[in-house]
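Asks: Residue-level listing of the chains:
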Amino acid sequence: MNEFSSHAACVAALVERHGARQDALLPLLHDLQAEVGFISEEAIRALAAALNLGRAEVQGVVSFYHDFRTQPESRPVIKLCRAEACQARGVEGLIAALPDDFTQRVALDSVYCLGLCSVGPNALVGGAVQAHLDAEKLQQLAGVKS
Amino acid sequence: MTPPQTAPMTVRVAADSLALACGADAVAATFQRAGCEVQRVSSWGMHWLEPLVDIGGEGFGPVAPGDVAAILHGDKTLSIGKIEEHPFIARQMRLTFARAGKTRPLSLDDYGATGGWRGLQKARELAPETIVEQVTASGLRGRGGAGFPAGIKWKTVAAAPCTEKYIVCNADEGDSGTFADRMVMEGDPFQLIEGMAIAGLAVGAGKGFIYLRSEYPHAIKTMRAAIEASREIVAPFTLEVRVGAGAYVCGEETSLLNSLEGRRGEVRAKPPLPAIAGLFGLPTVVNNVLTLAAVPHIIADGPEKYANFGLGRSRGTMPVQLAGNIKYGGLFEAGFGMSLRELVEDIGGSTASGRPIKAVQVGGPLGAYIPLDQFDIQFDYETYAGAGALIGHGGIVVFDDTADMARLARFAMHFCAEESCGKCTPCRIGAVRGREIMDRIISGNGRPVDAVEGLPQMHNATTAGRSHVDEVALLTDLCDTMKYGSLCALGGFTPYPVMSALRFWPEDFGLTRELVEGASA
Ligand SMILES: Cc1cc2nc3c(=O)[nH]c(=O)nc-3n(C[C@H](O)[C@H](O)[C@H](O)COP(=O)(O)O)c2cc1C
Ligand code: SF4
Ligand code: FES
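Protein chains in written order, with this note's numbering: chain A, 259 to 404; chain B, 155 to 675.
Be aware that a few hints might be false.
Stated by the list, open to error - If the Cβ cut is set under 10 Å, some of the chain A residues that face chain B in the computed set are:
no.	residue
1	R279
2	Q280
3	A282
4	L283
5	G318
6	V319
7	D325
8	S368
9	A381
10	A386
11	V387
12	Q388
13	H390
If you're looking for bench data, these hints aren't it; they were derived computationally from the structure. Since the model is a prediction, treat every value here as computed from it, not as a measurement. Where a beta carbon is used, it is the ideal one built from N, C-alpha and C, also for glycine.
Work out the full structure: start from the sequences and follow the hints.
Replies: Have a look at this one:
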């Protein structure tokens, strides 16, 4: 983990930064996930207490949005665009051409459009955008092939 | 070959995320190492040429680091001539994208030198009612999809008797095939800030929020830096960027407001309109990025100039986004009224794959699929609505003849099921059932269900005994229920891609035209 002794301590530090109003919940969740990698049970409890919300309410928000993970992810994450324009440029064929063990070694998340729809297939890999992907290039980016 | 230049020359390379995704950083670094002064600017929007390099007005692209030495030695292989004279640029009428390719996104000097802040200065001398009147007179309609007149919305908010009001910029740009909002935010962020500050003056709002999707990390960074840099210029108006969390439905304005308040992005019933009770229950202008970015020009140069573009009730220019399997993809801003054929074949150069065009989807994932024989349809709000289509945010996605329309129809249902906010049954349950019907139709034709999602197949049409006619009738019925029973356009418009695919390409579903027409009659 990081400098914080617990997820609750991390929440406390972030609440200090963002304030304890409900409209700070999304920024809080984003920062929390950036800090500790996922939104834990402990963090949800701490958030609910800090913002004076029910646990179910915070849980409901976390589960509504695709961005938030409730489990840690140790594999490298690739956000691959699966929307129409990337389909038109062959993203499904690209996936089919990946080796069978690819998704065991890499977390392949689907996203719907990265705004690069004329140069796809596209992906976000570690915060960097990548265009003109094929199966080969994707494996290199994922670090599973040199 | 001419000898290498001795004096360092200025080289412009775009720094927007599309250029970066195509490798612009490496190209810029190579020019720098060769002794050139490199300026990182916005993108011209000629995406097939990125990374596009601009040397004294002459364009080279797409440039790889390995091409740099040759270019500096005078090699013209990658030259496209004067960028401004390139047919793709010369045919456009750029208002919102007038600075594209020319200025450094975060340079206040560049912005000021190209007419920036003129609109805001003028607005500060005008009565709020006059600003609203001018926006109304320009004929500006919301560019986010629904095409609602901006002036009327502003007037409602201006008239609301509250001291606290908000300007919310909808920068969720979730439609596939769209990137104009991103290009404004990454390429010309002060223009959006200026537009929001003017909106604040017009309606009496002191604070603005930009709700920006998390899929746009570069736009988030640029917008935040631009807000910081222009803080004093727009004061007392203040601005803040809020980041979405990967939900398509949060582009719907009331869902967006819930999300901004830290709630689930569920759609709110209207009325009350956000203009009456919006963010935190207070009067709120919610406008798209392109809508707000058009405002500085309208106020600075007068509403007539803007209104002179376009036709009928579609005034001004529309940044059309050419995407998907298209040869010359990118941003094309022009007055309304061009035909789809002109846009896709003439300007877009048809498919990138070189194969024949099969279908075009206009207006994002909720837009209809349009076949070749309807390509003369003219690009404006009313014509599209009349044809059962929508222009939405102006995204055009081209598919070649390898596209499987049954699979795309299934994807539309799948997308709706994934992204439904869950508030109404026709959308929440209907889309899941729709996907199942589609699986049965598709597998009845001997094709496997989508293995990637690994969805269990409910039952097989042939073994379960339901005929294709029955399945199509069921699907048609379901689409009608979604269309008329949904609270927002996510559930309400999903039938457009589904039914248009079925109607125009029945053979992809293993069906005949007669069967489809008979079953859906
Ligand atoms: C499901 C759904 C998604 C939407 N997504 C967006 C979007 O990403 N961006 C946007 O500006 N408008 C979007 N809209 C339209 C907004 O609800 C609203 O009409 C718009 O923000 C109003 O601004 P405008 O009048 O400037 O277009 C969406 C609507 C629906 C129903
Ligand atoms: S149509 Fe779908 S997304 Fe829209 S309000 Fe209903 S359930 Fe929510
Ligand atoms: S559809 Fe993939 S980037 Fe837009």
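Asks: Take the shortest C-beta to C-beta distance between A:V319 and chain B; is it under 10 Å?
Replies: holds (6 Å)
Asks: Does the interface hint hold: is A:S368 within less than 10 Å of chain B, judged Cβ to Cβ?
Replies: Holds: closest Cβ of chain B sits about 9 Å from A:S368, inside 10 Å.
Asks: Report holds or violated for the interface hint on A:L283, using the least CB-CB distance to chain B and a cut-off of 10 Å.
Replies: Holds, about 3 Å.
Asks: With a cut-off of 10 Å on the beta carbons, see whether A:D325 makes it to chain B.
Replies: A:D325 check passes; min Cβ-Cβ to chain B is 4 Å, inside 10 Å.
Asks: Using 10 Å as the Cβ threshold, decide whether A:Q388 counts as touching chain B.
Replies: holds (6 Å)
Asks: Is the shortest C-beta separation between A:R279 and chain B less than 10 Å?
Replies: holds (8 Å)
Asks: Let's test the interface hint: is any C-beta of chain B closer than 10 Å to that of A:A381?
Replies: OK, holds: A:A381 within 10 Å of chain B, min 9 Å.
Asks: Does the nearest C-beta of chain B fall within a distance shorter than 10 Å of the C-beta of A:A282?
Replies: holds (6 Å)
Asks: Under the criterion of a CB-CB separation shorter than 10 Å, is A:G318 in contact with chain B as hinted?
Replies: holds (6 Å)
Asks: For the restraint on A:A386, tell me whether the closest CB of chain B is nearer than 10 Å.
Replies: holds (7 Å)
Asks: Do the numbers back the hint for A:Q280, that is, is its least Cβ distance to chain B under 10 Å?
Replies: At about 4 Å, which falls below the 10 Å cut-off, the nearest Cβ of chain B leaves the hint on A:Q280 intact, so it holds.
Asks: Closer than 10 Å between Cβ atoms is the bar; does A:H390 clear it against chain B? Give me holds or violated.
Replies: Nearest chain B Cβ about 7 Å off; hint holds.
Consistency note: the structure conflicts with none of the earlier hints.
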